[in-house]
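S.K.: What follows is each chain in one-letter form.
Number of protein chains: 4
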Amino acid sequence: MTVPSRPSRPAILGQNQYGKAETRVVRITRDGATHHIKDLNVSVALSGDMEEVHYSGSNAHVLPTDTTKNTVYAFAKEYGVESAERFGIDLARHFVTSQEPIHRARIRIEEYAWERIGTSGADGTGHPADGTGHSFVRKGQETRLAQVTYDGEDWEVVSGLKDLTVMNSTGSEFRGYVRDEYTTLQEAHDRVLATSVSGRWRFGWTDDEQPAPDWEESYAQTRQHMLRAFAETYSFSLQQTLYRMGARIIEHRDEIDEVRFSLPNSHHFLVDLEPFGLENDTADGAVYFAADRPYGLIEATVLREGCEARIPVDLTNL
Amino acid sequence: MTVPSRPSRPAILGQNQYGKAETRVVRITRDGATHHIKDLNVSVALSGDMEEVHYSGSNAHVLPTDTTKNTVYAFAKEYGVESAERFGIDLARHFVTSQEPIHRARIRIEEYAWERIGTSGADGTGHPADGTGHSFVRKGQETRLAQVTYDGEDWEVVSGLKDLTVMNSTGSEFRGYVRDEYTTLQEAHDRVLATSVSGRWRFGWTDDEQPAPDWEESYAQTRQHMLRAFAETYSFSLQQTLYRMGARIIEHRDEIDEVRFSLPNSHHFLVDLEPFGLENDTADGAVYFAADRPYGLIEATVLREGCEARIPVDLTNL
Amino acid sequence: MTVPSRPSRPAILGQNQYGKAETRVVRITRDGATHHIKDLNVSVALSGDMEEVHYSGSNAHVLPTDTTKNTVYAFAKEYGVESAERFGIDLARHFVTSQEPIHRARIRIEEYAWERIGTSGADGTGHPADGTGHSFVRKGQETRLAQVTYDGEDWEVVSGLKDLTVMNSTGSEFRGYVRDEYTTLQEAHDRVLATSVSGRWRFGWTDDEQPAPDWEESYAQTRQHMLRAFAETYSFSLQQTLYRMGARIIEHRDEIDEVRFSLPNSHHFLVDLEPFGLENDTADGAVYFAADRPYGLIEATVLREGCEARIPVDLTNL
Amino acid sequence: MTVPSRPSRPAILGQNQYGKAETRVVRITRDGATHHIKDLNVSVALSGDMEEVHYSGSNAHVLPTDTTKNTVYAFAKEYGVESAERFGIDLARHFVTSQEPIHRARIRIEEYAWERIGTSGADGTGHPADGTGHSFVRKGQETRLAQVTYDGEDWEVVSGLKDLTVMNSTGSEFRGYVRDEYTTLQEAHDRVLATSVSGRWRFGWTDDEQPAPDWEESYAQTRQHMLRAFAETYSFSLQQTLYRMGARIIEHRDEIDEVRFSLPNSHHFLVDLEPFGLENDTADGAVYFAADRPYGLIEATVLREGCEARIPVDLTNL
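Protein chains in written order, with UniProt numbering: chain A, 1 to 318; chain B, 1 to 318; chain C, 1 to 318; chain D, 1 to 318.
Rather than coming from a laboratory, the hints here were simulated on the basis of the structure.
Here the structure is a predicted model, which is why all the values come from computation and not from measurement.
A few of these clues could be false.
[Unchecked claim] Restricting the straight-line Cα-Cα distance to at most 27 angstroms, the calculated cross-link-like pairs of lysine-lysine (BS3-like) are:
| hint | chain 1 | residue 1 | chain 2 | residue 2 |
| --- | --- | --- | --- | --- |
| 1 | C | K139 | A | K139 |
| 2 | B | K139 | B | K162 |
| 3 | A | K162 | B | K162 |
| 4 | D | K139 | B | K139 |
| 5 | C | K162 | C | K139 |
| 6 | D | K162 | B | K162 |
| 7 | A | K139 | A | K162 |
Okay, chain A solo, but in the shape it has when bound (with noise of 0.2 angstroms):
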């Protein structure tokens, strides 16, 4: 193959990011015989000054992927994994001021949680008294999120978490809404309520000058008022409900200026049971038939006054 002469530029270029994405990195360290895991899966995206590899495919101002994904795993072990937060500012901060053509960097952090095996002896110290401390399962609830942008002036940071499966087995109707033509819903006043999380919140810390939160203290403090909201919400809609789970982070944490959710309503639907001569009645304990697809989908932000939105709109792609 002959390699032709480089390429015009009859179209423009806008808005680049380029990096290494899901970097699967494993930090344990050793406190005696007590192990601890961070368990990350780490993207990092740069952009910046980068016109001239589109056009030309000059790669004179292009870090190779290759480097971010070595620069993930040679942080882990010179600096630790903290937090995923603190983690991906370290890197953010590394990329931006230690290459001149990148003028802004985005690490987005995946972390899965693990939780000992065989803690039933732990004294409360958090070392386990039987010899397991090197010995986990991995929780596998949600998985915890964090985004950090930085462009070397201000930080962005935005937690979150997915994949985060809850009910409410009663407590939640649905009636009083609007009905047109294509309506064929009856009213529920005594239903299911189940869904599987997806949030962002975003921090109000931005400068370095700050003192910056907990972050694994207003992680596991956000996911329990989160939970706690959800539970003790008495459902008129999964909006009100999803509105509570942002209003009481918001009043309660702080740090915190935003908040949005992606809330599908997995729908379980009370299966008719008449052709069997049997009442399927929620009050005396029911059958439901757990539906995969369509599903409502729910989205919203909630915002502390005064706090301009910056998550953006779609969490997911459908």
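Let chain A serve as the given structure and place chains B, C and D on it in line with the hints.
M.R.: Just chains B, C and D now, with coordinates in the frame of chain A:
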């Protein structure tokens, strides 16, 4: 459970949308013994005057998501599915014009292509000669995408595709890049370039008064230009190939103003066979390890000069 | 289309089975304000006198798969779901005893576990003290499995689980293996051992006259033994760990005669950080790359002496 | 951690196998400017004299799974990949004949098909006329499967495919079935019949002295017969269609002795549009809801008379 009093309003509602996601509708049409399939996955997102349902749970403005699902099925029968884009336009117009509280509708559609079984005897009329006009095999390559947004005045139509996997087995190199203390990558003079294309393109058409594009023809041609640009570009970097794919569309398809691609660099690493006394040379035909993760991720927008960028930056969530 | 004459019989029918797969049934029971969930995915496979439906398309012996689905829902209401195994026994007996052409029924069940939200105030009675007795979060670890087969005379019950991800961060080595001309692997003196457990165990119970095991207690205990064996075995090879997991079940659970495991060796490779002047030493806490593919796959059966092996050899399709 | 003494032997080891699963190997060959791709996912499972590694952790008989991976890559270079079956035969023979403790090898291969981009100018020689002989798009339909088992004496070759999605939009009915107290299904006189084919077929070839089949030609023809039987059978039941698919292969392909299919009945339900004043009539072209779960699952073996059934009963795990 006691129904609690409705909550107060300590936090502000931001952008919100709701609707039924992933309604799987298959529309068969019969032209004598020759049948035609449109196989869609339709997601509806409605926005408007929806404060109350979030703050108090009042559904007085809420058309149920179940109704949006019914509407999809009814429209598929009543108006047919000429193209995914046309179908989305009909649906979006309906929701915005028929429901006062709804100010904006966005319809997202995935389309799965089918081809005929046993068309060997086809006579060019599209009618199979052998009595199998009702038998199909799913094409299985890309998923076609269409997104229609309507606010009562302007239309925005974004088409696209995902999961179109392509490979150049030569005609790609990667050299002359930046090196820092974390760089170990060797230059590649003849590498495999493979990716799974995720692309979106926005049409200039915004107004009912303008003639609408031929959506089916536009898709077929755009896909073809994209593939040809991938195949015919000698690649110094995946960024350059991406730009050529976008630029070729802008150059050849007047109806399209903006293109965005998200291209994973699906690494095919040359296996080191030296320990076994084998030279794994590309010129001679080589053996590659197709890696899963991590992967480079290259994303960019290509715009017609003078046009505004409106396609969101992140087509995927990593 | 003309309905053709029915085909002749040039080839012989072998083993066959049919039924409705993946009926998603959720059974809620109410104990005052405290609710309980059983969340199942039930697949029915029936066999018997089914030659004609294959040879000629006569459905005279075919109970529709839709009916087997209805039966799952009706039984969930009428008899409840004490355990997946018990539910499977009731269903299998029904199909074999109520339909003359059906000679054998196999019921496969996946079960998803839920735990309560906000049980901190629970008083040990299983009743949450705080009014959230109807709020749940999906546990998210393993999927529990049950398979019941009945031929009108004997029962076979196989329980199990899949997708239980575990890790030992030390206590594992791999040395002293065979070397041939394709061997390049370095010995490992202190490695991470991680796997995603897929296991099945067969009960000795086969006869209605025998007392049946306590299925729930048996599952909980078997899972615990499996985890403890994984955690407490110093591992010279994953084969040895697998055997200890199976043997410990056989040793402690008299009701179980046979165990089979399929254990991927989920490789965690020590990252080479030497090029960056960093020593990535395990004793000091190390950084690993968690690889996706390829992976070792270790599979074996462990049997109570004198018992027959009946669990199929391949639990997965790779 | 103290290394414990090696465990005693209270339970018996049964069938066991091990090896590297899912080695992703891509073999490119060059015929001038025209390249050819073989894209495989290879899983090796070895059995033999392996008691000690399970009982005591001694690896003295264990060829590392890493070595089996290396062997896959080295063989792909040294011997090429003429067909997946041939490649599996070479590998299986190598492991069994070169390692004394290994008595049996099973090689499972998934193959992904690619087609050329821009072959419009091709001249029938297989060489594209337009300089894009190295550019490919992944075909995306079925995954081709091959499984080779060797015990040092006899060969067993099973080929197959999965995820081939097909649909007849008419020419199918379902009537005359058994009714019991749980039956509510209405008879269907003109329904959509759709499935995602999972099939396996076993060759009569077992002996190196016999001439081996042309594996590529056999696959292409078998796939074609399967599709034609699906398309051309007026279907009274999916069982009947399945049998015709298998029987046609047995009738036309002498090299094949046994076929097994697992066919989900991918339900396309006619949507009830009567509430909206629309008649959803099949004769006129209709609208269907394509359901995910549950689905009928129809599985059967079709045998050449006098041949033994050896393909396992369950091709999937549900």
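S.K.: Would the pair K139/D and K139/B pass a check requiring their Cα atoms to be no farther apart than 27 angstroms?
M.R.: The hint holds at about 8 angstroms.
S.K.: Is K162/D close enough to K162/B, meaning Cα to Cα at most 27 angstroms?
M.R.: 21 angstroms, holds
S.K.: Is the Cα-Cα distance between K139/A and K162/A 27 angstroms or less?
M.R.: 14 angstroms, holds
S.K.: So if I understand the rule, the pair passes when the alpha-carbon distance is 27 angstroms or less; does K162/A with K162/B pass?
M.R.: This hinted pair holds, its Cα atoms lying about 22 angstroms apart.
S.K.: Between K139/C and K139/A, does the CA-CA distance stay at or below 27 angstroms?
M.R.: 8 angstroms, holds
S.K.: For K139/B and K162/B, compute the direct alpha-carbon distance and say whether it is at most 27 angstroms.
M.R.: Roughly 14 angstroms between the alpha carbons, so the hint for K139/B and K162/B holds.
S.K.: Does the alpha-carbon distance linking K162/C and K139/C stay inside the 27 angstroms limit?
M.R.: Holds. K162/C to K139/C sits at ~14 angstroms (cutoff 27 angstroms).
Of the numbered hints listed earlier, not one is contradicted by the structure.
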